[in-house]
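S.K.: Following the hints, position chain V against chain F.
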Amino acid sequence: EDQVTQSPEALRLQEGESSSLNCSYTVSGLRGLFWYRQDPGKGPEFLFTLYSAGEEKEKERLKATLTKKESFLHITAPKPEDSATYLCAVRGNSGGSNYKLTFGKGTLLTVNP
Amino acid sequence: GAVVSQHPSWVICKSGTSVKIECRSLDFQATTMFWYRQFPKQSLMLMATSNEGSKATYEQGVEKDKFLINHASLTLSTLTVTSAHPEDSSFYICSASGELAGYEQYFGPGTRLTVT
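Protein chains in written order, with this note's numbering: chain F, 1035 to 1147; chain V, 14 to 129.
Just chain F, same shape as in the assembly:
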């Protein structure tokens, strides 16, 4: 069974204070690791997909990296509008052809001005 553990559960930063969120996973045959952003009362917004160890992707102040056991979401010089819950999910061979995702519980990021 695929498993995803995210840490920390909650993180408070000052505006401009860079940090990283962690996503540890166990999966039978990784077919993709996904990062989403979720604002309160809304559906998750797709950020990145990573497929193999060593891969990195960037979008504005966010950078996602992947190893064989974990992924990091680095936030550089965050702004208050980056405040949200960040979700990590994996897709493995057990999902079959339906591309089923297994989600972690998320990290609630709060950026204070």
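Hints were generated in silico from the structure; no laboratory data involved. Wrong hints could be hidden among the right ones.
List time: in silico EDC-like cross-link candidates among lysine to aspartate or glutamate, alpha-carbon distance up to 20 Å [to be verified]: (1) F/K1139 x F/E1104; (2) V/K54 x F/E1049; (3) V/K33 x V/E76; (4) V/K54 x F/E1051; (5) F/K1139 x F/E1089; (6) F/K1102 x F/D1116; (7) V/K27 x V/D101; (8) F/K1097 x F/D1116; (9) V/K68 x V/D78; (10) F/K1093 x F/E1049; (11) F/K1076 x V/E35; (12) F/K1139 x V/D78; (13) F/K1103 x F/D1073; (14) V/K27 x V/E100; (15) F/K1076 x V/D101; (16) F/K1076 x F/E1115; (17) F/K1076 x F/E1089; (18) V/K79 x V/E100; (19) F/K1113 x F/D1036; (20) F/K1113 x F/E1092; (21) F/K1091 x V/E117; (22) F/K1097 x V/D101; (23) V/K54 x V/D101; (24) F/K1113 x F/E1094; (25) F/K1076 x V/E117; (26) V/K54 x F/E1079; (27) F/K1139 x F/E1035; (28) F/K1093 x V/E117; (29) V/K33 x V/E100; (30) V/K54 x F/D1116; (31) F/K1103 x F/E1089; (32) F/K1139 x F/D1036; (33) F/K1093 x F/E1079.
A few chain F positions that, by computed beta-carbon distances, are all more than 12 Å from chain V [what the hints assert, rightly or not]: (34) L1045; (35) E1090; (36) C1122.
No residue lacks a Cβ here, since even glycine has one placed at the ideal position from N, Cα and C.
M.R.: Coordinates of chain V only, in the frame set by chain F:
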């Protein structure tokens, strides 16, 4: 990016009644749609997966007779909560996946269901 809509965004119903939630992929054909529910401060729990024209596959512990899923076209899936009870109150979110969307899952904005 791919756009997925849900309707309604929120609904209040009385115990014992049924509620239908629609999920539409607006700019791509969704060969697969997923239905999740999310409790406060919890992550997404997959309820079922549906492929267009086929019966839905339900996750363990999800009552298929209570949560009816129909995926009749490549752009529309519906979730019907039958004989709703207060414990069915939750945030229901759909996602859609298809070839032209790179097989990523794109999520709708969610539907807040409150059963009184």
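S.K.: Does each hint fit the structure? Answer for all of them.
M.R.: Hint check:
1. F/K1139 x F/E1104: holds (15 Å)
2. V/K54 x F/E1049: violated (24 Å)
3. V/K33 x V/E76: holds (16 Å)
4. V/K54 x F/E1051: violated (25 Å)
5. F/K1139 x F/E1089: violated (23 Å)
6. F/K1102 x F/D1116: violated (27 Å)
7. V/K27 x V/D101: Distance of about 11 Å is within 20 Å: holds.
8. F/K1097 x F/D1116: holds (13 Å)
9. V/K68 x V/D78: OK: V/K68 and V/D78 at ~12 Å, within 20 Å.
10. F/K1093 x F/E1049: holds (18 Å)
11. F/K1076 x V/E35: Cα-Cα ~16 Å, so holds.
12. F/K1139 x V/D78: violated (28 Å)
13. F/K1103 x F/D1073: At roughly 27 Å apart (the allowed maximum being 20 Å), F/D1073 and F/K1103 break the hint.
14. V/K27 x V/E100: Satisfied, since the Cα-Cα distance of roughly 12 Å is no more than 20 Å.
15. F/K1076 x V/D101: The given pair, whose Cα atoms are some 19 Å apart, holds under the 20 Å limit.
16. F/K1076 x F/E1115: Holds, because 15 Å separates the two Cα atoms, which is no more than 20 Å.
17. F/K1076 x F/E1089: violated (29 Å)
18. V/K79 x V/E100: Holds, because 12 Å separates the two Cα atoms, which is no more than 20 Å.
19. F/K1113 x F/D1036: violated (33 Å)
20. F/K1113 x F/E1092: Within the cut-off at roughly 16 Å; holds.
21. F/K1091 x V/E117: With Cα atoms ~16 Å apart, F/K1091 and V/E117 stay inside 20 Å; holds.
22. F/K1097 x V/D101: Measuring from Cα to Cα gives roughly 37 Å; hence the hint is violated.
23. V/K54 x V/D101: holds (16 Å)
24. F/K1113 x F/E1094: Status holds; Cα separation ~11 Å.
25. F/K1076 x V/E117: holds (18 Å)
26. V/K54 x F/E1079: Judged against 20 Å, a Cα distance of about 17 Å means the pair holds.
27. F/K1139 x F/E1035: Holds, at roughly 16 Å.
28. F/K1093 x V/E117: holds (17 Å)
29. V/K33 x V/E100: holds (17 Å)
30. V/K54 x F/D1116: Holds: V/K54 and F/D1116 sit about 18 Å apart, inside 20 Å.
31. F/K1103 x F/E1089: holds (13 Å)
32. F/K1139 x F/D1036: Holds: F/K1139 and F/D1036 sit about 14 Å apart, inside 20 Å.
33. F/K1093 x F/E1079: holds (13 Å)
34. L1045: The assertion about F/L1045 holds, with a minimum of 15 Å to chain V.
35. E1090: holds (18 Å)
36. C1122: Not fine: 10 Å to the nearest Cβ puts F/C1122 too close to chain V.
Hints 2, 4, 5, 6, 12, 13, 17, 19, 22 and 36, counting from the list given before, are not met by this structure.
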